[in-house]
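A.B. asks: Residues per chain are reported as follows:
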Amino acid sequence: MFQLKPERNKLVITKLTAQFGEAVLSCETLSDMLTISVSDTIIHDALLLLRDDSELQFNFLTTLCGMHYPDTRQLGVVYHLHNMTDNHRIRIKTAIPESDPKLPTASDIWPSANWQERETYDFYGILFEGHPNLVRILNVDDMVGFPLRKDFPLEDQTREDKDDSMFGR
Amino acid sequence: MAKEIDADYWERDFIKAEEPKEYNTLNVGPTHPATHGVFQNVMLMDGEFIVSTEQTIGYIHRAFEKIAEHRPFYQITPLTDRLNYCSAPLNNMGWHMTVEKLLGIETPKRVDYLRIVVMELARIADHLICNSVIGVDSGALTGFTYLFQDREFIYEIYEEICGSRLTTNMGRIGGFERNFSAKAWDKIRHFLKSYPAKLKEFERLLARNRIFMDRTINVGSFAAERALAYGFTGPNLRACGVDYDVRVMNPYSSYDEFEFTIPIGQSGDTYDRFMVRQEEQWQSLRIIEQALAKLDKMEDKETYYAQDPRFVLPPKEKVYNNMEALIWHFKIVMGETDIPAGEVYHCIEAANGELGFYLVSDGGRTPSRLHFRRPCFIFYQAYPEMVKGNMLSDAILTMSSMNVIAGELDA
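Chains as they are written, first to last, in our numbering: chain A, 1 to 169; chain B, 1 to 411.
Looking at chain A on its own, in the form it has when it is part of the complex (with noise of 0.2 angstroms):
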């Protein structure tokens, strides 16, 4: 576990609502991180903030990864954020139409976000606006889809030599 710190998590939450109001969506504890939902138009902002602010100082992207909620027809991007000097450690949460799947991008804060963020784009198709080079990177260049949204099968549909209707896949 973690170490829960509801005085630092408090200052992060006053700080980020002070800056943007009601962009910030909502803030809850999930089990042990605090976890920030933000608006998109103020992600690149939140961002900025939450490295550049003297007391925050989350200087460490320790992750970024895409997110499909097909119930809400939405995508997502997921930052874990690491401030190495108090040991405190966050999750900002964002969410965009499928429709038109924009963010801007964070490899302009964090050199590491640019991969990042292309595997997130090779993958749920989220286009990152100002990105250096957003092409794919796991995947063939010629692939077809986003293979980890929800709705991309994980076989070959077409295959007849298997039988999963017992059990599922």
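Warning: the hint list may mix true and false statements.
Keeping only pairs whose Cα atoms sit at most 25 angstroms apart, straight-line, the calculated BS3-like set for lysine-lysine is [what the hints assert, rightly or not]:
no., chain 1, residue 1, chain 2, residue 2
1, A, Lys102, B, Lys66
2, A, Lys10, B, Lys101
3, A, Lys150, A, Lys102
4, B, Lys183, B, Lys301
Source of the hints: derived by calculation from the structure; they are not laboratory data.
Assemble the complex: chain A is given as a structure, and chain B must be docked to it using the hints.
C.D. replies: Below, chain B alone, put in the same frame as chain A:
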């Protein structure tokens, strides 16, 4: 047909000829002995110096994140084996701990110590490969062939514990599948006795070797700020002088009860990375010794899993004779146990750095999303910046000292 020579051909000074320079494109990989894995570097070369590099990765992408969304939890362990296959038990344990965090399982102390023994053995196995391969790439094959016997011996220990060697699928959610056998303990103790002398000898071969030092010092050095910005973790970050270690920062599996030091380097060059990994092996040995001492002191020698019915299989004799136990067994194997909805992020200090698992569960039998934070994938993107302006032979050494494992890179 002979080329026609113009009149002033013999007067021209070819050596002093300047612009335009001619750059050559060089492919290092995808299958090149020096990349130690399947990935490609397209290098733009000015003579022997590197102007720019572009990496192509994904040659062994196996869609683990997609597959994981369609497998019950315990069937994901074999997928994690194949991330960093040089230290598979570390990945296994990391995954088990992630699920335990989601389910809220408290593991007994004895399980924690057993895990630490296995994890530190895996760390030694990983570091010794990386370090001896740095030797190979700088032209010293001896240490490699010599230390490989000990890697083999570590694999024999794995074999005693779980039955397999490279891709171990070791342990279960909540602990281990069986207790360590007497033979396994004998082998661990034998390893602890015999390995230090060999490691010392290996260190003597390279650490103060003039040729090795000339080849590695100030090669591929990287500043701490850049390393942090690029998301470096593990030995590569510590070689730059940042003492970030998950085992200390966010202790898991009772690491907080152990005494060990985190070695750090100064300039983040190949030599520092080598020395950090070397020292970490000594620290790992120290940790294993402490764990053995703690285990010896414990009266309980039988506990090897957490008492949680959701993932621990009932004993076989009960399964064969008792209907409830059979149903229970079947439910676990078919992945029909109750799993709470929720999301967790858990990370461990794997051999290459912070190996993270972001697990989102919607209460179904499979994760609704599982993301692996693979340290290799994140720090390898800094490679062009590290080798720019270096010579090709130095770039090879830089790559092997970063310990880029293709399995982890491509998921």
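A.B. asks: For each hint, tell me whether it holds in the structure or not.
C.D. replies: Do the hints match the structure? See the list:
1. Proposed proximity of Lys102(A) and Lys66(B) is supported: the alpha carbons are some 23 angstroms apart, at most 25 angstroms.
2. Distance check on the hinted pair: Lys10(A) and Lys101(B) sit about 24 angstroms apart at the alpha-carbon level, within 25 angstroms; holds.
3. Distance check on the hinted pair: Lys150(A) and Lys102(A) sit about 19 angstroms apart at the alpha-carbon level, within 25 angstroms; holds.
4. The suggested pairing of Lys183(B) with Lys301(B) holds, with an alpha-carbon distance near 15 angstroms, which does not exceed 25 angstroms.
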